[in-house]
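Participant: Using the hints provided, position chain B relative to the given structure of chain A.
Residue numbers (numbering that gives the first Met the number 0), protein chains in the order written: chain A, 0 to 459; chain B, 0 to 459.
Please keep in mind that the hints were generated in silico from the structure rather than gathered at the bench. The beta-carbon is built from N, C-alpha and C at its ideal position, and this holds for glycine as well. One or more hints might be untrue.
As the list claims (entries may be wrong) - So, partial list: chain A residues that the calculated Cβ filter (under 7 Å) puts toward chain B:
1) Arg34
2) Leu171
3) Leu203
4) Ala314
5) Glu317
6) Val324
7) Asn339
As the list claims (entries may be wrong) - Here are the in silico distance ranges between beta carbons for each label pair:
8) B:Thr289 x A:Pro159: 19 to 29 Å
9) B:Glu126 x A:Leu378: 38 to 48 Å
10) B:Pro119 x A:Ser57: 13 to 23 Å
2 protein chains.
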Amino acid sequence: MTETPPLRDEREEADYALDSGIVQAVLEAVERGDRQALSSLLDGMHPADIADLLEQISDSDRARLVELCGRDLDGEILSELDEGVREDVIGTMDPDALADAMRALESDDVVDIIEDLDAPQQEAILEALDDADRIAVERAMTYPEYSAGRLMQREVVAVPEHWTVGQAIDHLRAAASLPEQFYHLFLVNPRMEPVGYVTLGRLLSSRREVALKDITEDSFRTFDATEDEENIAYAFNHYHLISAPVVDADGRLVGMITIDDAMQVLDEEHEEDMMRLAGVGEGSMADNVTETTRQRFPWLAVNLATAILASAVIALFEDTISRYVALAVLMPIIASMGGNAGTQSLTVAVRALATRDLTGSNVWRVIRREVMVGLANGLAFAVIMGLVGVFWFGVPMLGAVIALAMVINLVIAGLAGIIIPVLLDRAGVDPALGSGAFVTTVTDVVGFFAFLGLASWLLL
Amino acid sequence: MTETPPLRDEREEADYALDSGIVQAVLEAVERGDRQALSSLLDGMHPADIADLLEQISDSDRARLVELCGRDLDGEILSELDEGVREDVIGTMDPDALADAMRALESDDVVDIIEDLDAPQQEAILEALDDADRIAVERAMTYPEYSAGRLMQREVVAVPEHWTVGQAIDHLRAAASLPEQFYHLFLVNPRMEPVGYVTLGRLLSSRREVALKDITEDSFRTFDATEDEENIAYAFNHYHLISAPVVDADGRLVGMITIDDAMQVLDEEHEEDMMRLAGVGEGSMADNVTETTRQRFPWLAVNLATAILASAVIALFEDTISRYVALAVLMPIIASMGGNAGTQSLTVAVRALATRDLTGSNVWRVIRREVMVGLANGLAFAVIMGLVGVFWFGVPMLGAVIALAMVINLVIAGLAGIIIPVLLDRAGVDPALGSGAFVTTVTDVVGFFAFLGLASWLLL
Chain A
0 MTETPPLRDE REEADYALDS GIVQAVLEAV ERGDRQALSS LLDGMHPADI ADLLEQISDS
60 DRARLVELCG RDLDGEILSE LDEGVREDVI GTMDPDALAD AMRALESDDV VDIIEDLDAP
120 QQEAILEALD DADRIAVERA MTYPEYSAGR LMQREVVAVP EHWTVGQAID HLRAAASLPE
180 QFYHLFLVNP RMEPVGYVTL GRLLSSRREV ALKDITEDSF RTFDATEDEE NIAYAFNHYH
240 LISAPVVDAD GRLVGMITID DAMQVLDEEH EEDMMRLAGV GEGSMADNVT ETTRQRFPWL
300 AVNLATAILA SAVIALFEDT ISRYVALAVL MPIIASMGGN AGTQSLTVAV RALATRDLTG
360 SNVWRVIRRE VMVGLANGLA FAVIMGLVGV FWFGVPMLGA VIALAMVINL VIAGLAGIII
420 PVLLDRAGVD PALGSGAFVT TVTDVVGFFA FLGLASWLLL
Chain B
0 MTETPPLRDE REEADYALDS GIVQAVLEAV ERGDRQALSS LLDGMHPADI ADLLEQISDS
60 DRARLVELCG RDLDGEILSE LDEGVREDVI GTMDPDALAD AMRALESDDV VDIIEDLDAP
120 QQEAILEALD DADRIAVERA MTYPEYSAGR LMQREVVAVP EHWTVGQAID HLRAAASLPE
180 QFYHLFLVNP RMEPVGYVTL GRLLSSRREV ALKDITEDSF RTFDATEDEE NIAYAFNHYH
240 LISAPVVDAD GRLVGMITID DAMQVLDEEH EEDMMRLAGV GEGSMADNVT ETTRQRFPWL
300 AVNLATAILA SAVIALFEDT ISRYVALAVL MPIIASMGGN AGTQSLTVAV RALATRDLTG
360 SNVWRVIRRE VMVGLANGLA FAVIMGLVGV FWFGVPMLGA VIALAMVINL VIAGLAGIII
420 PVLLDRAGVD PALGSGAFVT TVTDVVGFFA FLGLASWLLL
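Same shape as in the complex, but just chain A (with noise of 0.2 Å):
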């Protein structure tokens, strides 16, 4: 270990981004056609950072890249790209270079990876492993999609409910091969359910005669195979779990999920939570114009539908407008203040209903909250819109409708905050998805509403 390089090395010191000397190193490689530099540059960066690396780098460089290294591209590359960005690599790599790379790889990862290919890359992928890996892999994948059948490692450690730590240590030592990362030790009944779990480092550090049973741990929990690897990721953050035991149906041991798989998924979770808010369907920066333009372009045309609507409401009051142009000027601040507030109730709303902190021992109370937070906001705010009103046009009446609109948008925008998002979990479909769209629908269409109804009763 005395060659370990330096820890905090440049690359490091940029908060552990790519260094772009690095980068450009590569790419002159690459641009020379240097398989020599380019395979030394490459052996010295973690897996994760050459995949940044061919992320980072434009299609046609990324191409050349891949096939200059042929053969040397690692597995755990691929298991750590992004899914465009692999399933490109995978589609430029020689099919030799394939099946050694994914030879190379755990069962759980090669999952990871096939599932989101194509059939024939698939059948290609699947031939190209040895029978146990292929049996293992074709099992995994008869689980759903983001199950944790299909997250979890085979591989797992497990002895009887019944033996000793002396027994446990005997055969550890004597096993031919254990997991790459292992941090319990599973005890399984004779029917082969897990019923308990004891750490390496208790193992380790109690007496040969001791019973496992008297030592196990009390954050013991079982997942069933078929369970959604977000409600994984979740128990894992909630009750502080390292690795836990996955059963099938008929409660048997069928492998584990450790604390790093789940953690990858609750990061994933919350970057989908982020770009479904957004209206971002998916994306990632490797993307290119046309794959960017087309995820965008849905969440645009439900935005450009609802804002029709809000002209739609506007349209009514055309009369009234052109009879008190100072109206066109004002209603956008209605609009989107009623917006802005409805988007931070939601957001709120829909981080609480993910981190299980809104359920039904509390939604009226927050629902109460949220509107009186909007009346509270909403008269502040009115105050201040009140006097622009009066001190901007000189119309006292003016100020009135304003600030009597910034309340009544205020109110509803808080409520719509919550109780969208809050139908949507319980209708199972996912908060994040569409509460945005859904309600500045209706700020637009209440804030224009109540301003400019309230102007034509009141000011004409």
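Facilitator: Just chain B now, kept in the frame of chain A:
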């Protein structure tokens, strides 16, 4: 372990959310003042779930529950609570009960709790601790907030780098006390600098005479005690770390960070990004009306200022609008589409900056992409809205104006959506904070100006 409760009980069926039946039963026990029923209900619950329960009930119920629990209130529950609720609970706890609770915690959990408290409350808790714990906590508090030094646990297992597997195992088995959770054995040189680590699984499965330095893991990385916890969480996820040593300014081992803590930081950082993007400072479901109103007011005020700016642009064209009221009907569409497209770009950019996927190496390519995507979607929606303009209002030139304004605003939206977060990031400001307000100001102002300006030029 035969008494292990059924693992997928009702509470877990509902995606691991608290069962409202349990909440109800707890509230009834509190209502009746039935200490015994309460304690038997809470005994069966995980501290994290009890914390959720405390967050979901009303302030008065919570105070009564805490009073009834008295000394039975577990320190772990405190460490699971949201900041706001925790301050509340600590405020209502009997000082002796609080001292008991804190004494039962690990020093890093104590640090996590007391760093948010007022000085007198901190003093009271520090005095209640044993000398060793107090010194550990006080030392941790000398590191900056949100640093590795605050996050780490001081208890580590380190052995000389030249030891063999047998020596290490004998040492562990003889150790009087080991950390509650540990997954690696750190190797240190005579200057106490960590130089590598060995997983416990590897240790257990290797022959006794094998040198530890021959079975170290490649993934080894150390962190400075002053390193920001956000970077640490990112590095754990990126490099799939399980635990990592923390070193002081001289490179000496001072503690260890484990992945469960890193996962929690990752989750909190995500929440922060999401809340900041939505203009919500902080805030949890347990905050009351006053706190929530105060959290949301500042960003609504910023939004009001930018909305007034946009109104000022409209006011420049009052004359045009009074001659052509259809403009007032259509102008919010242009602004709304620009705002949405800008939010899409900026959300993708903020996320990519957080995951280090947007760097100096690809920023120009991404900027070009965002502009091209804006142009492509702008053209698509220009055609749609041009036709709407023609058929709704029967004025071809109005269609042309709205189409042109759409293209201009969507290109600007793409540009602003990427450049503003990148510039904020370069300036050392969190791009999630404020990007939204800046971008929608740009799209509102540009949208209204382009649409109304083109209209006065081409239509009148």
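Participant: Take the C-beta atom of B:Glu126 and the C-beta atom of A:Leu378, compute their distance, and say whether it sits inside 38 to 48 Å.
Facilitator: 45 Å, holds
Participant: Look at the Cβ atoms of B:Thr289 and A:Pro159 and judge whether their distance stays inside 19 to 29 Å.
Facilitator: 58 Å, violated
Participant: Restraint: A:Val324 near chain B, CB-CB cut 7 Å. Satisfied or not?
Facilitator: 5 Å, holds
Participant: Go through the hint on A:Glu317 and say holds or violated, using the shortest Cβ distance to chain B against 7 Å.
Facilitator: 5 Å, holds
Participant: A:Leu203 was flagged as interface toward chain B. Is the shortest Cβ-Cβ separation under 7 Å?
Facilitator: 5 Å, holds
Participant: Does the closest beta carbon of chain B sit nearer than 7 Å to the beta carbon of A:Arg34?
Facilitator: Constraint on A:Arg34 not satisfied, violated at 22 Å.
Participant: Hint A:Asn339 vs chain B: min CB-CB distance below 7 Å?
Facilitator: With a minimum Cβ separation of about 5 Å from chain B (threshold 7 Å), the hint on A:Asn339 holds.
Participant: So the hint says 13 to 23 Å: do the beta-carbon atoms of B:Pro119 and A:Ser57 match that?
Facilitator: About 60 Å separates the Cβ atoms of B:Pro119 and A:Ser57, which means 13 to 23 Å is violated.
Participant: The hint names A:Leu171 as touching chain B; please verify it with the least Cβ-Cβ distance against 7 Å.
Facilitator: With a closest approach of 5 Å, the A:Leu171 hint holds.
Participant: With a cut-off of 7 Å on the beta carbons, see whether A:Ala314 makes it to chain B.
Facilitator: Holds, because the Cβ-Cβ distance from A:Ala314 to chain B comes to roughly 5 Å (cut-off 7 Å).
Hints 1, 8, 10, counting from the list given before, are not met by this structure.
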